[in-house]
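> Chain residues, written in single-letter form:
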Amino acid sequence: MEAIATTALCKSYGTKKAVDNIDLVVPEGAIYGFIGRNGAGKTTTQKMVCGLAHPTSGSVTLFGKPVGAQDVREQIGVLIEQPALFSDLSAYENLVLQGLSIGIKNPKDQAMKSLEMVELTEAAKKKAKQLSLGMKQRLGVALAMMGFPKLLVLDEPVNGLDPQGIIEMRGVFERLNREMGVTIFISSHILGELSRVATHYGIIHDGRMIQQISAAELSEQSRDYLNIKVDNSEKARLLIEEKMNPSECSVGEDGLRVFGIKNSRDVNELLWRNGLAVDEIYLHQQDLEEYFLRLMGGVQVA
Amino acid sequence: MLNVFKMDIRRMLRSKAFYICLIFMNLVTGTMILFDIVPSFASIMGISSDGAADMMGNMMGIGLAFMIIGILSALHICGDFSSGFAKNTFTRHANPMRYFGGKLLSLTVTGVIMLIIYMLVSALLLAICGSSMALPGGVGGLLVFLIEKVFVLFAFTALVLLACLTTRKSIVGITVAAVVAMGVLPMILAIAGDYLGVSLISDIGKYTISGLSGQAALVFNGSAFAIILIGSLIWAGLSAVLGNRAIKLKDV
Chain A
1 MEAIATTALC KSYGTKKAVD NIDLVVPEGA IYGFIGRNGA GKTTTQKMVC
51 GLAHPTSGSV TLFGKPVGAQ DVREQIGVLI EQPALFSDLS AYENLVLQGL
101 SIGIKNPKDQ AMKSLEMVEL TEAAKKKAKQ LSLGMKQRLG VALAMMGFPK
151 LLVLDEPVNG LDPQGIIEMR GVFERLNREM GVTIFISSHI LGELSRVATH
201 YGIIHDGRMI QQISAAELSE QSRDYLNIKV DNSEKARLLI EEKMNPSECS
251 VGEDGLRVFG IKNSRDVNEL LWRNGLAVDE IYLHQQDLEE YFLRLMGGVQ
301 VA
Chain B
1 MLNVFKMDIR RMLRSKAFYI CLIFMNLVTG TMILFDIVPS FASIMGISSD
51 GAADMMGNMM GIGLAFMIIG ILSALHICGD FSSGFAKNTF TRHANPMRYF
101 GGKLLSLTVT GVIMLIIYML VSALLLAICG SSMALPGGVG GLLVFLIEKV
151 FVLFAFTALV LLACLTTRKS IVGITVAAVV AMGVLPMILA IAGDYLGVSL
201 ISDIGKYTIS GLSGQAALVF NGSAFAIILI GSLIWAGLSA VLGNRAIKLK
251 DV
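Chain order of the listed sequences is A and B.
Under the working numbering, residues 1 to 302 are what the first sequence spells out, in order.
Under the working numbering, residues 1 to 252 are what the second sequence spells out, in order.
Do not rely on the hints blindly, as some may be mistaken.
Cross-link-like lysine-lysine pairs, in silico, BS3-like; alpha carbons within 25 Å at most [what the hints assert, rightly or not]:
1. Lys-243(A) with Lys-262(A)
2. Lys-262(A) with Lys-229(A)
3. Lys-108(A) with Lys-16(B)
4. Lys-250(B) with Lys-129(A)
5. Lys-126(A) with Lys-16(B)
6. Lys-129(A) with Lys-108(A)
7. Lys-6(B) with Lys-127(A)
8. Lys-17(A) with Lys-250(B)
9. Lys-65(A) with Lys-248(B)
10. Lys-235(A) with Lys-262(A)
11. Lys-136(A) with Lys-16(B)
Don't read these hints as lab results, they were simulated from the structure.
With the rest of the complex left out, here is chain A (with noise of 0.2 Å):
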């Protein structure tokens, strides 16, 4: 069953377009990376997904059932824009307030079981003002998995965490896909971070959906190649197409590329044979980051 389906969905504001026709589809258990440039409709998506915005047409159905059932939306948890914290109260407070807003049973017991979970224990009473942006994030998860939801949409979360905060966050995203079940609706700009834990892409672009696939079929599709570095590039362009039969072989300013072939011993040894110095020879894979990048057109990423 999918966790999220949209089906044509829309948003506009006034004349323009924030989010256009777009068909999202998020299997049960994924962790689905949403990517795009600012401004290409995330948030706004992500929003009518968790029934904050109403959509201008389409719809949003989450495990089957539309989002505006009161059942289903038990069922969500919400990191949008920034955690949603009230500045003057305590980090436990404040989890006990959501605790108490979703009808929890115990929400003193879950309040802390949840600050463990992000590692905020001993911030527990330190006033949300006073917390960093990172434990401000992680506050932001841990409201969010409050009362056990199926589904986290977040929007960002890793923003602002330092690079040990990033590695902290990614370990809870995945136990709580791995040991939970949670499916997890992902937004980030921190895309070789992304990359680290998605199940399944989607890439907006202008408010259209460019493209859905999964990252087994993203590493399918990826152009990875080889790098030679080599004492003369254009005599070992044509003899590795003469000998070896690339899908592509062309010499740029880094070196000689070769696509289709992933053997480096091989083609390090036909180049030693015919006299030629290799230099360097290495397999370059293509990352989630040039992905988007070639999809995009080759403009700088948002």
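For this one, chain A is given, so just place chain B on it according to the hints.
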């Protein structure tokens, strides 16, 4: 609805604003009692000698309490949106009435707590100063008066809630609270009625929230009691319907 109520009342009782407002309200009233500006319990309750309420009475009497409760309510409601906490609440509660109802209940309870403390502190200070503590309707009359004020408070809070949910701006909520608490609308209607010589216009003012509040008296009056109860419920209901609509139409 009860979940939102429980959350909200806990948040209110842990906020500094609640205690600051409570202290300020009693400080102002206490000062007025000590300087003999409001010489009797009736005047503290915003009731002039003829049983009606006027603007000065409102500003120096219970109208001040209403104004402060209104300001506190407006800040409290808009705080949900400015902090972003409303996103958590509205994600989990599909029916906006759960939010409106829970909020209305918690703010009314908060207001009642403040009103009771206001009355007790005022009575205590009046007794200490040796001022008039006359209760023309006895303790029963005072209780009925309190019930009437609670109903008016219910309608008043619903209206402030409506203003805040429609605009998401605390200044609008505060302005609405001040206008109602000071009885501006019935006063304008009374002036307009006198000027045009149409008593009906003046009479309409009696059914505004300020007008209903002004009808509350320390002596039990059956018809006034019924008008206040029914009128307050109609105002609260109307505000709830429109507030519900505002939540549904506006994105969080």
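> A separate judgement is required for each hint: does it hold in the structure or not?
To see whether the hints hold, each was checked on the structure:
1. Of the pairs offered as hints, the one joining Lys-243(A) and Lys-262(A) holds, with about 15 Å between alpha carbons and a cut-off of 25 Å not exceeded.
2. Our distance criterion of 25 Å between C-alpha atoms is met by Lys-262(A) and Lys-229(A), whose separation comes to about 16 Å.
3. Between Lys-108(A) and Lys-16(B) the alpha-carbon distance is near 22 Å, which keeps this suggested pair within the 25 Å criterion.
4. With a C-alpha separation of about 28 Å, the suggested pair Lys-250(B) and Lys-129(A) falls outside the 25 Å cut-off, and the hint is violated.
5. Between Lys-126(A) and Lys-16(B) the alpha-carbon distance is near 16 Å, which keeps this suggested pair within the 25 Å criterion.
6. About 21 Å separates the Cα atoms of Lys-129(A) and Lys-108(A), which keeps this hinted pair within 25 Å; it holds.
7. Pair hint Lys-6(B) plus Lys-127(A) holds up; C-alpha atoms about 21 Å apart against a cutoff of 25 Å.
8. Proximity of Lys-17(A) to Lys-250(B) is assessed by CA-CA distance (about 17 Å); at most 25 Å being required, the pair is judged to hold.
9. Using a Cα cut-off of 25 Å, the hinted pair Lys-65(A) and Lys-248(B) holds, with the two alpha carbons roughly 19 Å apart.
10. For the hint pairing Lys-235(A) with Lys-262(A), the CA-to-CA distance comes to about 20 Å; that is within 25 Å, so the pair holds.
11. Of the pairs offered as hints, the one joining Lys-136(A) and Lys-16(B) holds, with about 22 Å between alpha carbons and a cut-off of 25 Å not exceeded.
In this structure, the one hint that does not hold is number 4.
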